[in-house]
Amino acid sequence: MGLFLLSLGLVMIEMLLNYTGHIVSILWISNFSEPINFILAPLLYLFIRERIDHNKGKYDWVHFLPFVFWLLYCIPYFMQSDIFKYNSYIDTMKPDWPFVEAEMYWHEDILNLRNNINYLTLISFSSYLLASLILIAGKAKQKGSTFFKIEDPNIRATRNSTYHLFFIIVIFVFVKLYFGRDLGDYFIGLYITFMAYNTMVQVIRNSNYFDQPGSIFDIPTAKYKKSSLLEDQKELLLNKVKIELCENKYFANNMASVSGLAKNIGESSHHVSQVINEKMNKSFFELLAWYRVEEAKRILTEDIHKKYTIEELADEVGYNSKSSFNGAFKKLSGQTPSEFRKNNGID
Numbered sequence: 001m002g003l004f005l006l007s008l009g010l011v012m013i014e015m016l017l018n019y020t021g022h023i024v025s026i027l028w029i030s031n032f033s034e035p036i037n038f039i040l041a042p043l044l045y046l047f048i049r050e051r052i053d054h055n056k057g058k059y060d061w062v063h064f065l066p067f068v069f070w071l072l073y074c075i076p077y078f079m080q081s082d083i084f085k086y087n088s089y090i091d092t093m094k095p096d097w098p099f100v101e102a103e104m105y106w107h108e109d110i111l112n113l114r115n116n117i118n119y120l121t122l123i124s125f126s127s128y129l130l131a132s133l134i135l136i137a138g139k140a141k142q143k144g145s146t147f148f149k150i151e152d153p154n155i156r157a158t159r160n161s162t163y164h165l166f167f168i169i170v171i172f173v174f175v176k177l178y179f180g181r182d183l184g185d186y187f188i189g190l191y192i193t194f195m196a197y198n199t200m201v202q203v204i205r206n207s208n209y210f211d212q213p214g215s216i217f218d219i220p221t222a223k224y225k226k227s228s229l230l231e232d233q234k235e236l237l238l239n240k241v242k243i244e245l246c247e248n249k250y251f252a253n254n255m256a257s258v259s260g261l262a263k264n265i266g267e268s269s270h271h272v273s274q275v276i277n278e279k280m281n282k283s284f285f286e287l288l289a290w291y292r293v294e295e296a297k298r299i300l301t302e303d304i305h306k307k308y309t310i311e312e313l314a315d316e317v318g319y320n321s322k323s324s325f326n327g328a329f330k331k332l333s334g335q336t337p338s339e340f341r342k343n344n345g346i347d
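Going by the working numbering, the sequence shown runs without a break in its numbering and finishes at 347.
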């Protein structure tokens with residue numbers, strides 16, 4: 001998702017440069033974002049698949065071949081003279097500027113593919129949208145739900161991500177039919193801005209930053225120096241945290257967060273974080289990983305008659321990703337879940 005948002009940002013930077021005309025000052029980077037057209041949909045698809053299917057394929061690199069191919073295919077254009085790129089910009093964006101006579105070093109579109117960039121981009125987006133929808137619908141069916149009525153919050157949130165891709169396709173088709181070439185892309189830029197804003201809102205809502213006193217202008221000080229918690233209050237809060245994690249198994253919630261834990265025990269997120277750090281010498285996510293791995297060990301050793309797959313075990317203890325579960329398990333126990341099984345004679 002990080003790479004997806006970064007790629008969108010790069011696309012928007014080129015839009016800004018083109019529509020303001022500033023691209024003519026740095027023509028050597030002209031069309032730098034064109035290959036990114038073929039990495040956006042694969043990145044979103046892989047994010048969706050990893051999030052709901054906990055699966056990293058051996059051949060995931062294949063999804064990036066169109067991007068690599070287009071990057072290489074654009075090299076002849078990238079190596080053209082600035083005057084050639086200037087004329088290309090005028091031809092595409094239609095500003096009322098004069099053309100300048102320029103000589104082409106070599107043919108910059110040997111297979112005549114760049115003239116069909118919009119159609120190829122649409123095919124890429126549509127194909128990956130379809131693949132994502134099929135994946136989500138199949139997962140929803142496994143959970144006893146339908147695509148439009150999904151109970152699992154993780155799958156529902158992932159499904160909502162596909163709506164953004166769908167709306168981008170709709171806007172893309174409208175823009176290309178009405179404007180043609182690279183004109184009208186600011187409509188896509190506006191929607192991308194909305195997506196970025198929506199993502200920021202979600203991050204802020206699930207962060208405890210604004211639960212803390214101070215502002216962005218404060219000079220950093222020692223952590224928790226201004227805390228009002230007394231030692232006996234810390235012990236009481238620590239007991240609440242342990243009860244919520246040990247008895248209520250909050251760690252098994254795949255959307256677990258400091259703010260969520262604090263809300264469940266009726267305390268401030270900042271104070272909960274402080275107590276975990278000071279009394280347990282761990283960050284919240286380190287503590288979460290410890291409880292999850294210990295629970296996985298318990299399940300493997302006590303419930304030996306039920307043959308859990310690694311994916312099922314990861315989901316049972318709160319992980320959305322098999323790879324994250326394997327990594328945490330090995331870091332804390334020195335062996336993978338499969339090795340733990342074998343070494344303890346469970347298989």
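Read the hints as simulated data drawn from the structure, not as lab findings. Mixed in with the good hints, there may be bad ones.
[Claimed, not checked] Below, in silico cross-link-like pairs of lysine to any residue (SDA-like), each with a Cα-Cα straight-line distance of 25 Å or less:
| # | residue 1 | residue 2 |
| --- | --- | --- |
| 1 | K282 | I204 |
| 2 | K240 | K176 |
| 3 | K58 | R341 |
| 4 | K240 | M255 |
| 5 | K94 | K242 |
| 6 | K263 | N198 |
| 7 | K94 | M104 |
| 8 | K242 | D232 |
| 9 | K149 | F340 |
| 10 | K249 | M280 |
| 11 | K279 | S323 |
| 12 | K242 | S324 |
| 13 | K307 | S283 |
| 14 | K282 | S323 |
| 15 | K240 | W290 |
| 16 | K263 | R156 |
| 17 | K331 | E316 |
| 18 | K94 | Y186 |
| 19 | K176 | Y86 |
| 20 | K240 | E294 |
| 21 | K58 | C74 |
| 22 | K282 | D303 |
| 23 | K240 | Y186 |
| 24 | K143 | N254 |
| 25 | K149 | F47 |
| 26 | K176 | R156 |
For each hint, the structure was consulted:
1. Between K282 and I204 the CA atoms are separated by roughly 23 Å; this keeps the pair inside 25 Å, and the hint holds.
2. A threshold of 25 Å between alpha carbons decides the hint, and for K240 with K176 the separation of about 58 Å lies outside it, so the pair is violated.
3. A C-alpha spacing of about 24 Å is found between K58 and R341, which places the hinted pair at or below 25 Å, so the restraint holds.
4. Proximity of K240 to M255 is assessed by CA-CA distance (about 19 Å); at most 25 Å being required, the pair is judged to hold.
5. Simply put, K94 and K242 have alpha-carbon atoms about 65 Å apart, too far for the 25 Å limit, and the pair is violated.
6. At most 25 Å may separate the alpha-carbon atoms for a hinted pair to count; K263 and N198 meet this at roughly 23 Å.
7. Of the supplied pair hints, the one linking K94 and M104 holds, its CA atoms being roughly 20 Å apart against a limit of 25 Å.
8. Distance check on the hinted pair: K242 and D232 sit about 16 Å apart at the alpha-carbon level, within 25 Å; holds.
9. This hinted pair does not check out: K149 and F340 have alpha carbons roughly 38 Å apart, beyond 25 Å.
10. Taken as a hint, the K249 and M280 pair is honoured in the structure, with Cα atoms around 17 Å apart against an allowance of 25 Å.
11. Of the supplied pair hints, the one linking K279 and S323 is violated, its CA atoms being roughly 29 Å apart against a limit of 25 Å.
12. A distance of roughly 23 Å separates the Cα atoms of K242 and S324; the hinted pair therefore holds under the 25 Å criterion.
13. Between the alpha carbons of K307 and S283 the distance comes to roughly 32 Å, so the proposed pair goes past 25 Å and is violated.
14. Taking the CA atoms of K282 and S323, the gap is about 22 Å. The hint holds against a cut of 25 Å.
15. Distance check on the hinted pair: K240 and W290 sit about 17 Å apart at the alpha-carbon level, within 25 Å; holds.
16. Pair hint K263 plus R156 holds up; C-alpha atoms about 23 Å apart against a cutoff of 25 Å.
17. Distance check on the hinted pair: K331 and E316 sit about 19 Å apart at the alpha-carbon level, within 25 Å; holds.
18. Distance hint between K94 and Y186 is fulfilled; the C-alpha atoms sit about 15 Å from each other, no more than 25 Å.
19. Simply put, K176 and Y86 have alpha-carbon atoms about 22 Å apart, close enough for the 25 Å limit, and the pair holds.
20. For the proposed pair K240 and E294, the alpha carbon gap of about 19 Å is at most 25 Å, so the pair holds.
21. The suggested pairing of K58 with C74 is violated, with an alpha-carbon distance near 28 Å, which exceeds 25 Å.
22. Between K282 and D303 the alpha-carbon distance is near 29 Å, which puts this suggested pair outside the 25 Å criterion.
23. Restraint check: the Cα-Cα separation between K240 and Y186 comes to about 51 Å, which exceeds 25 Å; the hinted pair is violated.
24. With a C-alpha separation of about 16 Å, the suggested pairing of K143 with N254 holds against the 25 Å cut-off.
25. Taken as a hint, the K149 and F47 pair is honoured in the structure, with Cα atoms around 21 Å apart against an allowance of 25 Å.
26. Taking the CA atoms of K176 and R156, the gap is near 31 Å; set against the 25 Å cutoff, the hint is violated.
Going down the numbered hints, you'll see the structure goes against 2, 5, 9, 11, 13, 21, 22, 23, 26, while the others check out.
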